[in-house]
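Since the structure of chain A is already known, use the hints to place chain B on it.
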Amino acid sequence: MITLQNIRKVYRNGPLEVEALSSINLTIERGEFVAIMGSSGSGKSTLMNIIGCLDVPTSGKYILDGEEVQALDEGKLSSVRNRKIGFVFQSFNLLGRQTVLHNVELPLMYGGVSGAKRTQRALELLDKVGLGGRVKHKPTELSGGQKQRVAIARALTMDAPILLADEPTGNLDSKSSEDIMALFKGIHEEGTTIILVTHEPDIAEYAERVLWFGDGKLLRETRRGSAAT
Amino acid sequence: MSMFESIMVALDNLRVNKLRSFLTMIGIVFGVMAVVTVVSIGQAGQASVLSELSNYKDGFFILYKSVGDGNAKAEIRMRDLSEARKLEGVKYVSSTNSYQMSEMRGKEKLQFIISATTSDMVKMQKVDFVAGRFFNAQEQRARQKVIVVEAAYAEKVYGTAERAINRKVKLSGGSFRIIGVYAPQKSIFGGVGGTQYKAYTPMDSMPDTGTGTGRYLSTLEFLAETPEGMDETIQELKEWLAVRHNAETDDFKSQTGKEVQEQVSSIFSMLQLVIGSIAGISLLVGGIGIMNIMLVSVTERTREIGIRKAIGATPRAIKQQFLIESVILSFLGGTVGAVLGLLVGALASLVLSLPNVVSIWAIVLAFGFSATVGIFFGYYPANKAAKLQPIEALRYE
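Protein chains in written order, with UniProt numbering: chain A, 1 to 229; chain B, 1 to 397.
Since the hints were derived computationally from the structure, they do not count as laboratory data. Being a predicted model, the structure only gives us computed values, none of them experimental. Virtual Cβ for every residue (Gly too), placed ideally from N, Cα, C. There may be inaccurate statements among the hints.
Claimed, not checked - The following label-pair restraints were derived from C-beta to C-beta distances:
{"hint": "1", "chain 1": "A", "residue 1": "Gly-214", "chain 2": "B", "residue 2": "Asn-292", "range": "46 to 56 Å"}
{"hint": "2", "chain 1": "B", "residue 1": "Ala-371", "chain 2": "A", "residue 2": "Gly-75", "range": "49 to 59 Å"}
{"hint": "3", "chain 1": "B", "residue 1": "Val-364", "chain 2": "A", "residue 2": "Ala-116", "range": "33 to 43 Å"}
{"hint": "4", "chain 1": "B", "residue 1": "Leu-19", "chain 2": "A", "residue 2": "Val-10", "range": "44 to 54 Å"}
{"hint": "5", "chain 1": "B", "residue 1": "Val-364", "chain 2": "A", "residue 2": "Gly-191", "range": "56 to 66 Å"}
{"hint": "6", "chain 1": "B", "residue 1": "Ser-51", "chain 2": "A", "residue 2": "Ala-116", "range": "56 to 66 Å"}
{"hint": "7", "chain 1": "B", "residue 1": "Met-3", "chain 2": "A", "residue 2": "Ile-63", "range": "45 to 55 Å"}
Chain B extracted, bound-state conformation:
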């Protein structure tokens, strides 16, 4: 009996028991759907965070003093920033403080997250300008109250990015003139806690920051001269800071853009693995459902098996017939589940405003797994059918 004929016989049997086949399939449908959904959303989230991180240019890293039992003398001051700029291996250096501020527009309160930084920052990160420009070194030194806002704010308040230029943002820290509008990467955390607009201002333009060269900074941001020389530069910078502040090299920590990317990737992979495994359990349960139904089917059709054997069906042909039935069940279930999973994933991406990632390997995994489930859980019933003695099967009532 050819494979094609076996498939036709199997389909025919499944058609006769439509409702039962459908109910059996549902277990696999939900199992595969869960796995595909989890993996799709996970990959979308990962892609989103990684694309956000990819704004940092190659060779980007930060230095900060270690917290906890570190040497109290370990510190970073404003004058370190200006001195570090002159060091070998350092292309740019900057520092950023974050402020949460708000602006009243009529009755509406608009929330901002403001990065107060240096003019070099724009050379270290990719910033997509829609209109205008970043502030320059002179504006920074002159403590000018200028601001670069994100496009969503400009569009909300002024309709277009162009119209927002030279308009004022009245923050609690004073009135800032808009000189640039940029489009930030969509963030997975963007919607958390209501809309917060991002903006950049010169670091000295913010109130209560002090201006002296002796004031403290929490971190220093660097772009290495070359990505290859980054590790060496980091080590030299730590030693340099340690000497300047009479501290130990270990009192200063570093984190490179690459390290962050790797951490994020591994966290997302772990999450996907854990949740995916839990979802996989439902696939297992679905598989047991298939086995159960196939066992019922074999018992029910004992006489049919006897007839087929009496007219010359080999044990192999019988086994194949039942195995194909269970594989078709799980494969159909897998197909429906994969489609539903992708739809749910796409929907979730839309709601969470993530990139819609169609994960090929999630689909391959789901199909491979459901086919394996079909073969694994179908094998025992099929083998049972194949081993029936013809005369006993024929006598079965």
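Next up, chain A with everything else stripped away, as it sits in the complex:
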């Protein structure tokens, strides 16, 4: 479902060129639970942003569901981000001035789902992440774990087949982290493809497949129950 061919990403800073990703080849199938591990600066977040259509590679081919992403215009890319990908960020990225409910409704609004149906769907998902009683609160009134659960609810509203999580537990304590990971596990069991960036080995434990990144390169990968390849 996700195919990366020779993906390169170069950041230019004046005369300096920094290669964040060099020649990545990767395929991720529907229904996988993949963890991307690596130290900071290894290029794992850059890869995540490219997969999430938030960033574009300098060269190479990204094929999502048989469609070449570079060929899509901004409008179509928006639709891909809306329908195919749910994104969970380390820093939550919720709209602070809006209620929890409104935040979760937002993707539905951009997806063209109207009024009552939208609210119903958002409430359903907030119930699912255990925040049914907090829908009228502002994100600023919530704890980190609660905020991340709002973000997860938001990522799920459009029934996107892919859930991307960039250090989702990076700002959370261990108890909240466990809760969040339990949520991810459940979501994966329902059939959603999950790609998760982390540098914590115990978080990577939840994944079936772990990709190790270093210095912009895919160093190795391991699958649960099998030896490193």
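Relative to chain A, chain B alone:
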């Protein structure tokens, strides 16, 4: 995202920054207010002058000798007036001299502007009588000291128009008996230089005018037999006068009521355009204020834009959101400005005693202009927001 939702999101954002939104709006408020006020007062003034001019009946015109390098022989005399009456195409002819006179009432000095004219004058202009009548041809010929005064004078001195009839006005030119009271059109110039009451007397009743048929007149006033035949009659009259005084046709000039109306209209239109344009500049400045604030707003909300894009907002939806914000700002400003402008216009009309004209096109113009300002000055910031790369916007601190 529907238009309604975009509007709700925009209103919400404006509500969060109440003070800023308000201050931004003020520029537009004053701009629109200035334009609407200027146009309202201008139209009221125009309406006032035109209604004054509409007293002249259709087919009214005047003839006078051209001043400057004209033939010295060109002149108009009393006997021309009586002869012209017999000419074909002429329904009535008259002549008017104006005098400024005063009357002492106790310690108060009442100023008059007196039109000394012929009895035919009342047939050429609309005069609204409140009481009494105009003087007739016999009274004119007999040089009777009778006077037709305006209602304001009668009411001031005698309380009502009826009570003023047959009372005397003691002017420097003698004592005149009031035979009629009329209501003149309110004039835009009415208040200038203190109150001056208008009045009519027979032309020969005024002192120092002489009575001979040879005395000079400055103008002749005519009512053509038919409005359609007016131009032809004017030409014939000029030629007739030229022959009588051994002068050239061009030595005599004419002006029709219609020409005066057109001149007044064009002067007022020019005035409104010029002052309105100056007022329009403040609208432009207000628009730049909106653009400035929208640019700040886009920068401030870069991260929000990134979030919205990450979850599927199209560039169009983002553009729409910011554009609607700026249009709402300028439109609200336009509404407040139009209301204030109409109030100021109404107040000014009251003070200047003009008719209160609610100018629909001033309002349409103000709204159209403020909406245009909102779209024009909101477009660049909105487009800037729409073009932000999602990942860069998300990284923005």
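Hint check:
The hinted window of 46 to 56 Å between A/Gly-214 and B/Asn-292 holds, with their beta carbons roughly 47 Å apart. In this structure the hint that B/Ala-371 and A/Gly-75 lie 49 to 59 Å apart at CB is violated, the actual value being about 26 Å. Hint check: B/Val-364 to A/Ala-116, Cβ distance near 39 Å, so the stated range 33 to 43 Å holds. Roughly 45 Å separates the CB atoms of B/Leu-19 and A/Val-10, a value that falls within the hinted 44 to 54 Å.
Distance hint check: the CB atoms of B/Val-364 and A/Gly-191 are about 58 Å apart, consistent with the given range 56 to 66 Å. Our hint of 56 to 66 Å for B/Ser-51 and A/Ala-116 holds, since their Cβ atoms are close to 59 Å apart. A hinted range of 45 to 55 Å is violated for the C-beta pair B/Met-3 and A/Ile-63, which are about 36 Å apart.
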